[in-house]
Structure formats: C-alpha cells, structure tokens
Amino acid sequence: MPNWEEWSFFEEKEEAEVATTNEGTEDAQSARFQLLPRLVLLKLEGCPKLRALPRQLGEVTTSLKQLRLDGTNNLKAVEDLPMLSELLLIEKCEGLERICNLPQLSELCVHGCPNLSHAEGLGSFQQLGLGEDMQEVSSRWVSGLHKQHQRLHGEDLDVYTL
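Under our numbering, the residue at position 134 of the sequence shown is numbered 134, and the numbers go up by one with no gaps.
A portion of the hints provided could be inaccurate.
To be verified - 25 Å max Cα-Cα, derived BS3-like pairs, lysine-lysine:
| no. | residue 1 | residue 2 |
| --- | --- | --- |
| 1 | LYS49 | LYS76 |
| 2 | LYS43 | LYS76 |
| 3 | LYS92 | LYS76 |
| 4 | LYS43 | LYS65 |
Worth flagging that the hints you see were computed from the coordinates, not collected in a lab. From a predicted model like this one, the values you see are computed outputs, not experimental measurements.
With these hints in hand, go ahead and build the complete structure from the sequences.
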C-alpha cells in the first residue's frame with residue numbers, strides 16, 4: 001500500500017461523539033475493545049508514506065504479541081502499545097525516531113533505522129537485536145536500555161547482531 005498515509009480506527013468526530021454519548025459507560029469501553037481482540041501478529045510492509053500508527057492501536061489490540069514493520073519510511077514513532085508482548089521487528093524505517101512505552105515487550109530487533117534516537121519504557125525487555133548498520137546509531141540509546149534492564153532485572157541485557 002505505497003500511498004497509505006494515515007490510519008485511524010475512528011474518525012475524530014465519531015470518537016468524540018461516542019465518548020460524550022457513552023461517557024463512563026461500559027459500552028464506550030467495550031466498543032473500542034471489540035475491534036481486533038484476537039489479533040496476534042500485525043505486519044505492515046511497503047507503506048512508505050504512513051506517518052503514524054493509530055493512537056488507539058494499543059487499546060484495540062489486546063492480544064497483540066508481534067508487530068513487524070518493514071519499509072514504513074515516514075513513521076516517526078512506535079509507542080504506547082501496552083499489550084505488545086513478544087517481538088517488535090523494525091526494518092528499513094528511515095524516519096523512525098522513537099520507540100517507547102512498550103512495557104510487556106520482550107524482544108526488539110532493529111535495522112535500517114538511521115534516525116532512531118530514543119528508546120525507553122521497555123520494562124519486560126530481554127533481548128535486543130541490532131543490524132550492523134545500527135551499531136553507531138544505537139549508541140545514543142542502548143546504554144539507557146542496559147541500565148534500565150540491570151535495575152529492573154539484576155542482569156545484563158542480551159544484545160546480538162542481526
């Protein structure tokens with residue numbers, strides 16, 4: 001989908017209407033959680049114009065274990081996916097700058113992301129796979145992940161080359 005630029009589960013107007021109509025009710029919450037309750041693997045490939053993942057993605061993918069992104073060149077951030085638990089694989093995403101708030105994620109693999117300058121909030125993180133092209137770039141944020149992992153788990157982070 002080479003021309004896909006924007007992705008949203010709800011139109012902003014529709015989301016605001018649902019929120020005000022059902023504010024505080026279980027219907028408002030359950031309407032959101034019923035969209036993709038069994039999605040385990042999400043792979044986005046060849047979407048160079050996609051600018052952002054929908055902010056509701058973390059709310060509607062309650063079973064998501066793996067997210068694989070390949071060639072999403074305009075994507076700036078992968079963040080706020082509290083249920084993503086196994087693997088985040090990111091390849092050839094030149095515009096990616098930030099990965100954060102993925103508290104259940106256990107493995108991150110990154111290559112071809114020369115602008116990635118920020119990675120944090122990966123509380124259950126166990127393994128980091130870096131492409132050879134990421135060795136210099138990752139020096140900006142890997143030490144922070146090492147310290148976080150050592151503080152939370154009392155052991156060194158497993159870092160390997162892809």
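Exercise. Check each numbered hint against the structure and report the violated ones by number, ascending.
Key: As far as the earlier hints go, not one is violated by this structure.
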